[in-house]
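Enquirer: Kindly generate the complete structure, drawing on both the sequences and the hints.
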Amino acid sequence: MTVPSTLESVNALEKAAEEFATRSGFDEDTAPNIAMAVREAAINAVMHGNAYDTGKTVTASFESTSDSLVIRIADQGPGLDPGSVPDPLAPENILRGSGRGIFLIRAFMDEVHFRLLHPGTELTLIKHRTPAQPSA
Amino acid sequence: MSMKVSTRQVDGVTILDLSGRITLGEGSVTLRDAVRDVLGKGSRKILLNLGDISYIDSSGIGELVSAFTSVKNAGGELKLLNLTKKVHDLLQITKLYTVFDIKDDEASAVSSFS
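Same order as they appear, the protein sequences are chains A and B.
Numbering of the first sequence is given in my numbering, commencing with residue 1 and proceeding in unit increments.
Numbering of the second sequence is given in my numbering, commencing with residue 137 and proceeding in unit increments.
Since no wrong hints were added, every one of them can be taken at face value.
Partial selection, computed: residues in chain B whose CB lies under 7 Å from chain A: (1) 197; (2) 202; (3) 230; (4) 231.
No more than 27 Å apart at the CA atoms, straight line, and that leaves these computed lysine-lysine pairs for DSS-like: (5) A/15 / B/222; (6) B/140 / A/15; (7) B/221 / B/208; (8) B/239 / B/177; (9) B/140 / B/208; (10) B/177 / B/140; (11) B/221 / A/15; (12) B/222 / B/239; (13) B/221 / B/140.
Please keep in mind that the hints were generated in silico from the structure rather than gathered at the bench.
We treat Cβ as the ideally placed atom computed from N, Cα and C, and that holds for glycine.
Expert: Below, the structure written as structure tokens:
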């Protein structure tokens, strides 16, 4: 799906992710966490990547495989270097009012990959199935 | 679903009862405005009741931290009351659980303010 760079898109992608994760067999504890990771990725794309530019869009894809859920979120911004993001757990950053999005994405997903698109950044979020979460 | 705030006073403590979602956009702004408003009216003992907060994102977490530092910088205290499991878990993950003074009983929370 391709959506405009708006807060409504963030909410829509979060909702789509939770529905997809649930439909794919993830339980009621895991699906909201996947949705939250997608929300944070979408916020990054809309706010930091595309900077709310109405001329730029965010593209998302959802794929369910036999062993994983794979979600890709891409923006058309200047490109994000994940190494440049300060550690939000460091004592000097703990009271900052922002900068926890990528940390939460990593906390809730099993794998997070960044790819520069020139222009833009694509995040690939992967959640592996556990034996209790067979492919639906 | 937006966030709603109602304010009440109990024994000199300003309690903000929050409900809904504290997320990027409306929820975070509503919280920021509410804390700014009670600070502007002179409140320095502020208790955020999060019992009816169903969801919070990184922006909402950041707003809680900003509220905490704003009140502290104004010479006051801000404490949290009635965390849901989701909010509790997020504050644990982000290591903010030990930053905030967190209570689960309103009466003892009110009496804990100096």
